[in-house]
Amino acid sequence: MKDSTPEKIFVKHFMTAMLVFLILIAVQTFTLELLNMPIWLQVMVTLLPVLPLIWAFFIFRVQYRALDEYMKALTGEAFLWIIGILCFSSFIYGMLAMKFAMPPVELALITPIVFAGHGLILRLLIWKDDE
Amino acid sequence: MNNRIKVLRAERDWSQQVLADRLGVSRQAVNAIERRKHDPSLQLAFNIAAQFGHQIEDVFFPETQSNLEDG
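Which chain is which? The protein sequence lines are A and B, in order. Sequential numbering of the first sequence, starting at 0, is according to numbering that gives the first Met the number 0. Sequential numbering of the second sequence, starting at 0, is according to numbering that gives the first Met the number 0.
Take these hints with a grain of salt, some might be off.
Below, computed lysine-lysine pairings styled on DSS-like, alpha-carbon distance capped at 30 Å [as the list claims (entries may be wrong)]:
1. A:71 / B:5
2. B:36 / A:7
3. A:127 / B:36
4. A:71 / B:36
5. A:127 / B:5
No lab work stands behind these hints: they were computed from the structure.
Okay, chain B solo, but in the shape it has when bound (with noise of 0.2 Å):
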């Protein structure tokens, strides 16, 4: 699953370690979701997205959406 949170962490001037804070997981868990080592659970998405006032549609997306974007 890709997913644009590096990009509004970026807006926002958040690390990895303040957006984990206001999540309550740790860094190595947005590291590696941020990365897509790690599907996030649909709880912890909705958090996500709640954290940057977007739906959950605007900051995850399927890889297929992704490559059609990118072609």
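Next comes chain A alone, as it looks inside the complex (with noise of 0.2 Å):
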């Protein structure tokens, strides 16, 4: 991808987003941790962080209708490995755990995990056909 000035913006708005998203981990922790609030206050609190998150899907989407056909076409496969590896992944351990005692899953990792195993993934598959 060429370094424009698109790429700097959606550069600096994704990584906004991210520090929002510790932002609000952290505020997240210190007032479950020292506020005493009634149970709805507390999943609002808890649910917070996923509101930078959102924003970055749409930062992202701004992003992926500027790209240009080639990238266009080489994040949606990036998002075709991504996703096949997620689901293959998530029903060999529900074929497993249905068998055998398996050990408990972090859900809350998947989204990181799609995030980072895309860029990942877009990276290859550009190295690949760059090389």
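Two chains, two separate frames, one set of hints: put the complex together.
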């Protein structure tokens, strides 16, 4: 991807969303530990960090729509790979869990794994075509 | 789909990045088209041909035509 202004704007917005996410994680942790709140408010505070992730999703959508046709194709293929990996992994885990005692999986890790995994696979696809 | 982009670029001493900037696409897109790893849309193919001042059929041609010419 060329180092264009839209690319820089995307990185700036995306990093801002991630920073807000980290701040809200801290806010969530300290608030739940230090304050005595009703359950409904605890639920709201617990879910606060989801908001910047939704914002990041829309930032990524804007970036995706601005990509050229080749990068759109690679981005789509990277999503296909990460969705395939996620589906097969969860299916394998589920099949094994039906027959054996399996260690618990932290579901909150799925989103960062998809984000990071997609980025990594996209870089690999670009590198493969570029070499 | 085969193409003569590399030759036409070399004639003008354009890097892939220069052509990409002129077309408003990524350098990776130009590289992938040049190396036949991506077939461009009709619109992009027309734009590429226009950048070189050629008709689309002077820049892009089917694999079979390339094979016949090679043979």
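Hint check:
no.	hint	verdict
1	A:71 / B:5	holds, 23 Å
2	B:36 / A:7	holds, 27 Å
3	A:127 / B:36	holds, 10 Å
4	A:71 / B:36	holds, 14 Å
5	A:127 / B:5	holds, 19 Å
Of the numbered hints given earlier, the model fails none.
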